[in-house]
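Asker: Protein chains in written order, with this note's numbering: chain B, 1122 to 1454; chain A, 1122 to 1454; chain X, 1122 to 1454; chain F, 1122 to 1454.
Treat the hints as calculated values from the structure; they're not laboratory data. Keep in mind that the hints are not guaranteed to be accurate.
Identical chains blur together in the list; that is why a pair holds if it fits in one copy or across any two.
[Stated by the list, open to error] Below, a list of computed lysine-lysine pairs in the DSS-like style, where the Cα atoms sit at most 25 Å apart:
| hint | residue 1 | residue 2 |
| --- | --- | --- |
| 1 | K1184 | K1335 |
| 2 | K1191 | K1315 |
| 3 | K1184 | K1127 |
| 4 | K1127 | K1335 |
| 5 | K1184 | K1143 |
| 6 | K1447 | K1335 |
| 7 | K1445 | K1239 |
| 8 | K1315 | K1239 |
| 9 | K1236 | K1196 |
| 10 | K1445 | K1276 |
| 11 | K1239 | K1272 |
| 12 | K1276 | K1143 |
| 13 | K1134 | K1447 |
| 14 | K1196 | K1127 |
| 15 | K1239 | K1127 |
| 16 | K1315 | K1444 |
| 17 | K1196 | K1184 |
The lines below spell out each chain.
Protein chains: 4
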Amino acid sequence: MIVVLKPNVAQEKEERLIEWFKGMGLGVHISTGEYQTVLGLIGDTAKVDMEMIDSLDIVDSVKRVSETFKCCNRKFHPEDTVVSIGDVRVGGGNFCMIAGPCSVENEDQIISVAKSVKAAGANLLRGGAFKPRTSPYDFQGLKAEGLELLKIARKETGLPIVTEIMSIADLDLFSDIDVLQVGTRNMQNFDLLKELGQTGKPILLKRGLANTLKELLMSAEYIMSSGNENVILCERGIRTFSDYLRNTLDLSAIPMLHELSHLPIIVDPSHATGIARMVPPMAMAATAGGCDGLIIEVHNDPPHALCDGAQSLTPEEYAELAKKIKAIREVVA
Amino acid sequence: MIVVLKPNVAQEKEERLIEWFKGMGLGVHISTGEYQTVLGLIGDTAKVDMEMIDSLDIVDSVKRVSETFKCCNRKFHPEDTVVSIGDVRVGGGNFCMIAGPCSVENEDQIISVAKSVKAAGANLLRGGAFKPRTSPYDFQGLKAEGLELLKIARKETGLPIVTEIMSIADLDLFSDIDVLQVGTRNMQNFDLLKELGQTGKPILLKRGLANTLKELLMSAEYIMSSGNENVILCERGIRTFSDYLRNTLDLSAIPMLHELSHLPIIVDPSHATGIARMVPPMAMAATAGGCDGLIIEVHNDPPHALCDGAQSLTPEEYAELAKKIKAIREVVA
Amino acid sequence: MIVVLKPNVAQEKEERLIEWFKGMGLGVHISTGEYQTVLGLIGDTAKVDMEMIDSLDIVDSVKRVSETFKCCNRKFHPEDTVVSIGDVRVGGGNFCMIAGPCSVENEDQIISVAKSVKAAGANLLRGGAFKPRTSPYDFQGLKAEGLELLKIARKETGLPIVTEIMSIADLDLFSDIDVLQVGTRNMQNFDLLKELGQTGKPILLKRGLANTLKELLMSAEYIMSSGNENVILCERGIRTFSDYLRNTLDLSAIPMLHELSHLPIIVDPSHATGIARMVPPMAMAATAGGCDGLIIEVHNDPPHALCDGAQSLTPEEYAELAKKIKAIREVVA
Amino acid sequence: MIVVLKPNVAQEKEERLIEWFKGMGLGVHISTGEYQTVLGLIGDTAKVDMEMIDSLDIVDSVKRVSETFKCCNRKFHPEDTVVSIGDVRVGGGNFCMIAGPCSVENEDQIISVAKSVKAAGANLLRGGAFKPRTSPYDFQGLKAEGLELLKIARKETGLPIVTEIMSIADLDLFSDIDVLQVGTRNMQNFDLLKELGQTGKPILLKRGLANTLKELLMSAEYIMSSGNENVILCERGIRTFSDYLRNTLDLSAIPMLHELSHLPIIVDPSHATGIARMVPPMAMAATAGGCDGLIIEVHNDPPHALCDGAQSLTPEEYAELAKKIKAIREVVA
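Pulled out of the complex, with its shape left as it was, chain B reads as follows (with noise of 0.2 Å):
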C-alpha cells in the first residue's frame, strides 16, 4: 500500500502516522520527494482501512498495490477454472447453453420447454421457481412446487437445472438442484454467499445492477473463501442512464474479467435487453467477445408468459440462434 502525504506536512504528525503504521506490524519505507513524502507500506495491508488513511489531514491520497481478492485471482491461479456439473464443463474454453423460462408455470410447460432447447443445443436447463420481484403484488413463483418440476423436466431430458435460490432458509429445499444461482439483487447478500460457500455445489453469481467487476469479484471469493470454488460469473446488464433498453449489458467485462480472473464468466442477454428481438444480436455479441457460456430466456408461449415474456424467445428463434452461436465460436475459440 502505497501512501502519498500532502506538501507541507509538519513533521510531527508525519512521524505519529508512520510509528501508527508500524504499531500495526507494519514495515513502512519512506520516499522524500522534491514536495512530498510517500509511504510505502509492507507486510499484511489487508487490515488496514484504506479509506480511512485517505481521509486524514495529512494524508493526499492512498493506493492499494495488491489485489484484495486472493481465491478468484489469476495471479495466483493463472489456469482458467472448468466448472463440472454432471457431464457438462463450464470454462477453459468449453462452452455452456442454458436456456429455459423465466418461471415455471406447470409439468408441460417446463417439459417442453426442456425438450425444445435440447433439441436445439442447450445442455443445461434454467426456470424461476423463487422469482424476486420488485413489487410483493407481483407473482413470487411456485417456489417449492417449481422445485419439483423442474426435476421431473431433468429426468424427462437428461439436462441439469440452474434455478435461483433467494434465501438461506430454503438452502434444504434445493439439495438436489445442479446449479444453484445468486440473483443480481442478492450479489451482496453476504450472509447467503457464505453458507453457499459450504455447499461445494456450482454457484452461478450474477453481477449486482450497480456492482463494479470487484464488488463481483469479492462476492465470489465470499463463496470460495468458505470452501467452495465452483464459481461461474454472470454479466446481466448494468444499470445506466440509458434509454429503450432495460439496462446496459456491459460485454467488455468479459475480456477484463477474463483477465482479471480464473473463473469461468457467462452473459445474460434476455434481463439485460428485456426485448425478445434484441436477445440474438446480443447473445450473438457476447460470443464474439469471448464469453464462456450464455443464459437465455426461451418459452413455448411468450406472449402469455406469467413473468417477463417480452424478453423470451421461442424454441425456434432459439435453435436459429443457437446455430449462429456455433458458427461464431468456431471463429473466435
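For chain B, the structure is supplied; the task is to place chains A, X and F on it using the hints.
Answerer: The following block gives chains A, X and F in isolation, referenced to the frame of chain B:
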C-alpha cells in the same frame, strides 16, 4: 394503463390484443387517433406485465396510470406517518438525531460514545454489530456480543438502539432491539423484508446504491403489506460516475419522497460522503432540505476506529453540528 | 400526447387546462376513468412543453405518443441510409473499416500507418489533427498541418480521410476532408451541428459520454434538418460507475438504433475500452451485434505515440483482427 | 507519478521501461517490494500519458501524485477568489442571488421579472437569449434581440446581467454583457473556453451532466490559463439512473470543490430538479451546504412561459424563499 399501438397495425392483430386484454377481465377503451390507436385498460391492471406488453411488435409504448405502491402512497394516506420508538417520535414534524459508532468495539467505547452523543442532543443510539463488508477478509462485526453491548449502553443512557440486521437467521437475536436497520445491500432482499414485516418493530430502510425512489417505496411496500407500518426511509448516497466522494448524496430525494409517500425520511451523510469533514455541511443541507432526521457516525477516537473511521465525527464536532442543525430546523420547520 | 390528470381534480381547473390546450390549436380527446381523467391531445404537439405540463399541480403524468425525431426516424423512412464517401459505401449491408492513429504526428508516421491499414483491409483512414483534451496542458494536435499530412496520406494510398472538427471557426480548413467527425464532447454543440448540416459532407457523429439514444438521434436531427442526410452514428462507450475500463461500450445500442433509425451505426472500441488488448474482442462483439463498421486506432509504434498509445493496435494486430471481423460478418450478414 | 509493476516482470523489460522514462527527462526512484517493484517518477510528469503507461503489459497500475490543475488549485492559491461584477461580489463570504426567466420573451416580461426579483433581494438578473435545446424543432431563443432586451432591463433596474453564450461566432454580441454563462452541454467546448479566457469577463461555468469535479476544474483551467481568473463554478445536477426528477443535484460537490479550489461555487436548483415546488427545499439545502450563491428561475406567468415553465417560481414564491435563504445564511456563514 394506457397502451399506444404502432401506426398502421393490421386490424386483426389489434383485435386479437384487445380480446386478450378482455380475457384478463379488463375493460378496454379504444381511442383512434390520426396515426395511431390508443387503448385505455380499465380494472385491476396490477397483474398486467407492462414490459411484456411493451415488447409486442404492434405496441409502441405502455404507460401505467396508477402507482403500483399502495400502503406507502400519500395519495391514499395523506397524513404523515409518525413512527414511535419508546418516547421518541420520527416524522410529522418530529426530528430524530441518531448517532453512534460505525462498529461496536467494546463496552467502554460504546458507553462513552453513547453518553457523549446523548449530551450533544442525540435521541437514538446507533452502532454496527453485524457488518456487511465487501471483502470476506474485512472485520465482520462483534455480532451477538455487539448487540449485548448496545443493550448495556441503552441501559446506561436510556437511548433506544438502532442496528443492522443482515439475515433472517439472526432474527431471534434482535428481539430486544428497538429499531432494525436494513442496509443498502439488502434493500431488495425480499425474504428479509417480508420477515421484518411480521415483527411490528420500527424498520430503518436504507436506499440501495443504485435503486430508484420507486424501488425504495416498493421495498417499503414489502414490509408494510406484511403488516408493519413502522417504516423509516433513509437516503444514504447513490452510485454515480462522480469523483472524490464515495457516493452522491441525493438530497432532492427528500422533498420528492415526501410528496410520494407519508413515511418519514432521514439522511445518512456519513456513509454518503465517507469523509468526516464533509459530514457537517451535508447534514446541514439535508436538514434545510426538509428531512425528518439524521443518522451520523460519531466515534470517541476516530483515527483508531476499526471500520470507516474516516467518516466519523468526534463527540465535540457532533455537539457543534447539533447546535447548527437546531438553528436550521427553526428556519425551515 | 397523453395527459393523465390527478384524482379528484377540481372541475374548473380541468376545464381551464383543456381550454388552454385548445387555445394552442390542439384537439382534446377526454376520457374519464374510474379515478382519473386522461386527455389525448391531437394535432402538432411538437411545440408543447412536456415538462411544463408535467409539473402542473393537477397533472399526474404526460406521455408523448409520436417521436420528436422525424428526419432520422425509420418509421418515416424504412430503408437503410447508405452514405457514400468516394467509392466507399457505409450502411445498408456495406461495412466500413476505418483505421489510423489517434493523432497525426508527422508525414512518415501517417503514410506508414495508412499503407499498413490499407493492406490489412481498411477502406477509410482516420487521424486526429484537432484534439479535444480534458487538460489545456495536454498535446492539442498538429491542427492545420495535421490536415495537410492526412491529405498527403490520402494521395499516397487512395483512402478517404476522417478527422475531427471542433469549431465552426475551422470550417474552411476542412473543405477538402472526406468525413467530418463530431466528437463526444461536441455532440450537443448545436451551432456546430447546424453548420455541418449546411456542408452536405458525410458526418461521423459520436455519441456523448452521457447521452441517451434519443439525444443522439436529436443531434443527428440538427444536421439533417439543416439539409445534410449523410450522417453516420457512432457508439464509443458511455460513462458509468464501472471500474477497470475507461468507459462502458453500449453494444445494445446497435440493434436499438437500427430499429429506431435508418442511419448507419459504427462502433469505436478503442476509445471505449482505452486498452489495446480489449479492442479485438470488443471489435468482434460489435460486428456480431450488427454494426455497420468499426473505427479502430492503429499505430506503427504504440508505446511512443503522443496520445492514447495505450489503446492503439499495431498494424500486425489489426491485420489479424480484420480477418476475424470478415469471418464474423459472414455469419451475421 | 507512481508506477506499480506486475509481479515477476522480466528484468530486461523493467530496465527498458526505466530507460524510457529517463529518456523523457524524468528521475526514476526504484523501490523493490516483496512481490512487486514500484517506480516513483520525479520531474515534470504532466506530459506523461498516464493511460498509456497503465496499459503496458508489465504495468499493474499508475497513480498521479500531483494534481494536473494549477490555476484553480487551492493548494497553490489558498485564499478564496472573489469575482467582481459591477458592485456585486461573489465568493469569499459574498453570496449572490441570480434570478430571472428561463428565456427572455419580450420587453414587458423581462422588465417586470427584473423589478420583481430585485425587490425580493436578487442582485443579478439572468435570462436566456441563445437557448441550447435538445431538439432543433424547439424554441431557440430571441438571440441578439434577447440580449438587447436584457440590457434594457439592466438599465431599468441596475442589475448586472448573466446570459449564456453558445458559440465563438457570437462573441461580439456579448461585449456589453456582464457575466457570460457556459452551459452544461458546452463545458468541454474547449475552443469556446479558450476564447472566453481572453475576454477577461466574469464567466459562469456550469458543470456538464456527466462530468466529474476534476473535469469541471480542468475546464476552468482552460479559461484561467488563457488569462481570465474570473470564473464562477456552478453545480446544476448530474445525470444518474434516479427517477421522478430530471437530474440529481450533487450538493456534496460544494464542500469538495471548496476544498479543491479557491473559485466560488453557486448552485442552480431550477434546472437540476425541473419542478418548481422542489426548488425552495433544494435552494435552502444548497445554502446550508455552503454555496456562494444561487441561480433560480423566476417568471411572472409560469404556466405560459415559452420554455421550462415547470421549473420557474413566481415572484412571490421567490421573495418568500429569499427570506429563508437569508436566515439560513446567518446560521452557516
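Asker: Failing hints, ascending?
Answerer: Checked against the structure, the hints that fail are numbers 6, 8, 9, 10, 12, 13, 15, 16, while the rest are satisfied.
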